[in-house]
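*Asks:* Position 172 (the sequence shown) corresponds to 367 in the working numbering; numbering is contiguous.
Simulated from the structure, these hints should not be mistaken for lab results. Even for Gly, the Cβ is constructed at its ideal location relative to N, Cα and C. Do not take every clue at face value.
As the list claims (entries may be wrong) - Pair by pair, the computed Cβ-Cβ distance ranges are: (1) L544 <-> F627: 51 to 59 Å; (2) E794 <-> Q648: 27 to 35 Å; (3) G607 <-> P556: 26 to 34 Å.
Claimed, not checked - Only pairs whose alpha carbons sit at most 27 Å apart, straight line, appear in this in silico DSS-like list of lysine-lysine: (4) K567 <-> K611; (5) K696 <-> K759; (6) K695 <-> K642; (7) K611 <-> K695; (8) K759 <-> K808.
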Amino acid sequence: MIEMNQIDMVWILFCSCMVLFMQAGFSCLEAGLIRAKNTINVVIKNTVDFAISVVGFALIGFSVMFGPTLGGWIGEPLSFMRSLDSYAYLVFIFQAMFCATATTILSGAVAERMSFYGYCFVALFMVLLVYPVVGHWVWGGLFYSGGNQAWLTGMGFHDFAGSTVVHSVGGWVALAAIIHIGPRIGRYEDERGIEPNSVTLTSLGVFLLWFGWLGFNGGSTLAASDRVPIIVTNTIVGGVFGIVSTLLLTRIRYGKPRALDILNGSLGGLVAVTANCDAVLPWMAALIGFVGGLVVVYAGSLLERLKFDDAVGAIPVHLGAGIWGTLAVALFVTPPDGLSVLSFLGVQLLGVVVVAAYVFPLAMLFFYITGKFVTYRVSSQAEIVGLNIIEHDAQTSTLDLIRQMSYQASSGNFSKPVTVDAQTEAHHIATFYNAVLDRVNTEERDKNEALKQATWLAEHDPLTDCLNRRTWYEAFCGELDQLRPGQCCGVAMLDIDHFKKVNDTYGHIVGDAAILHVVRKICEQLTTGATLGRFGGEEFVIFLAQGDIDESSKASPIVVLAEKIRYSIAENPLNHNGQVIPLAVSIGVTTHRTGEQPEETLNRSDQALYEAKESGRNRVCSH
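Throw the hints in and build the complete structure from the sequences for me.
*Replies:* Shown next, in the form of structure tokens:
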């Protein structure tokens, strides 16, 4: 049992809480870098993977990492399930936070297209088979004198707080994951790429990670020793110079400082000094952090060229800068006894290569085998709609607004405005959207009204509002097509008698009034089934779907109708401004005969009209 004073315990417990706070940092960083439709999904993933990490690490991982070694490769499983002393509990708490951090690195890289349960399965893989094994190689001798159970450390390998054990391990698994599931829809098809949700939220996440990082590195002493100040100083310096390098590089390459590169560059500087912050001077930490920022930018560019879609830049930050930070140990730290600078570099390189050779192929094999029964990539529909809704059935004002807008888009019904609570963040979007809808609907109504009016004008006579010749003829043909057996259709053609004399005597204005007067009298007599049209000038036509012969008059309905019209016009002269102008009409009627063309019926009614005019006008003739 290792004795610890209370100050040491308090310090490590406090640092553990700081590292735990990195989960909040990862959540904010990832939520800011992805689209809003997937933010709830990444937050839930980061929450659940923490639970998986703690439980899995407690049951198996902690024993595999720190238990009695089996051949120098893994610790004895379940060896720490028995009663533990206070120091072991302290180490467990601190390392469980490390395990959760390594797992969460994956979350950002695969964001927006990995299924929730698939991610949970990978998190379990990390906790049980990856992180504890690599951790045993480097830190496994913690509870044993001499520390000779950690075979890499026994060779002289130095990774103080986990540039390789935590960050590179998480990066290798993330790389395997994005290769397996592929890029997001539209990631490389659209030149604009995918815009982040909130750079402001990402910036907050970065500073939360900075806060946690001070506990991450500062607590790795496992004691409140006098080394803590230099470790914390180097951590801050490394992160700051990661900012400096990316600021300068993006200014040179793009002409402007690029926010996302600078934010990730700061994290790259922090990752790079994590392996060596206990053994370098601040100026060395500055150089290491400076290069770490450059590594992040160039590694990110390499992924872009390879079309490996890392949603948040996790691989350049954690894997790229992690490898550099591990190798930088040999360049800036005095070699252990018995090692030259070159051999020390060889040991550090061996550690990087061995970890890569174990983690990356194992992860690829894991995805290949488990992918046969575990769905890692969500459907294209789920990806388009968003994992907030598909994976979690999340309800927010923004999502509700999206649902309403999506329904309108799919149904084509934009008649009603969307409704959003005025107290929510989506209210302003809904307000502007409704304003657009109102403008569109107003223009649509005006267009429809104009179209309706234009259609009406195309079908009607502008003076009398009767159907024009073309429209009436189409209606007549349609009526004939619909005649049932035994049913017939009568046609009447009317002409105002001596209409030219009315125009010549009284003028065209009175002539128009005469036409309107005649139309009104005709309409007063029209029965159901009768349709009036202006054939041209003073000529009008009527068709009437007629039934049986009127037995009392022995006349067909069309003849009866024609007589009523003739009589009404003759008995009701036009009274125009006190002038009484007598009017009369001649009418020719006929009945459509089975098998004949519409033009034949009209010609016969026209012949009957000619006969009515020749025989004295103001009469009805039938053919």
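*Asks:* State for each hint whether it applies.
*Replies:* How the hints compare with the structure:
{"no.": "1", "hint": "L544 <-> F627: 51 to 59 Å", "in the structure": "holds (57 Å)"}
{"no.": "2", "hint": "E794 <-> Q648: 27 to 35 Å", "in the structure": "holds (31 Å)"}
{"no.": "3", "hint": "G607 <-> P556: 26 to 34 Å", "in the structure": "violated (52 Å)"}
{"no.": "4", "hint": "K567 <-> K611", "in the structure": "violated (47 Å)"}
{"no.": "5", "hint": "K696 <-> K759", "in the structure": "holds (24 Å)"}
{"no.": "6", "hint": "K695 <-> K642", "in the structure": "violated (41 Å)"}
{"no.": "7", "hint": "K611 <-> K695", "in the structure": "violated (56 Å)"}
{"no.": "8", "hint": "K759 <-> K808", "in the structure": "holds (18 Å)"}
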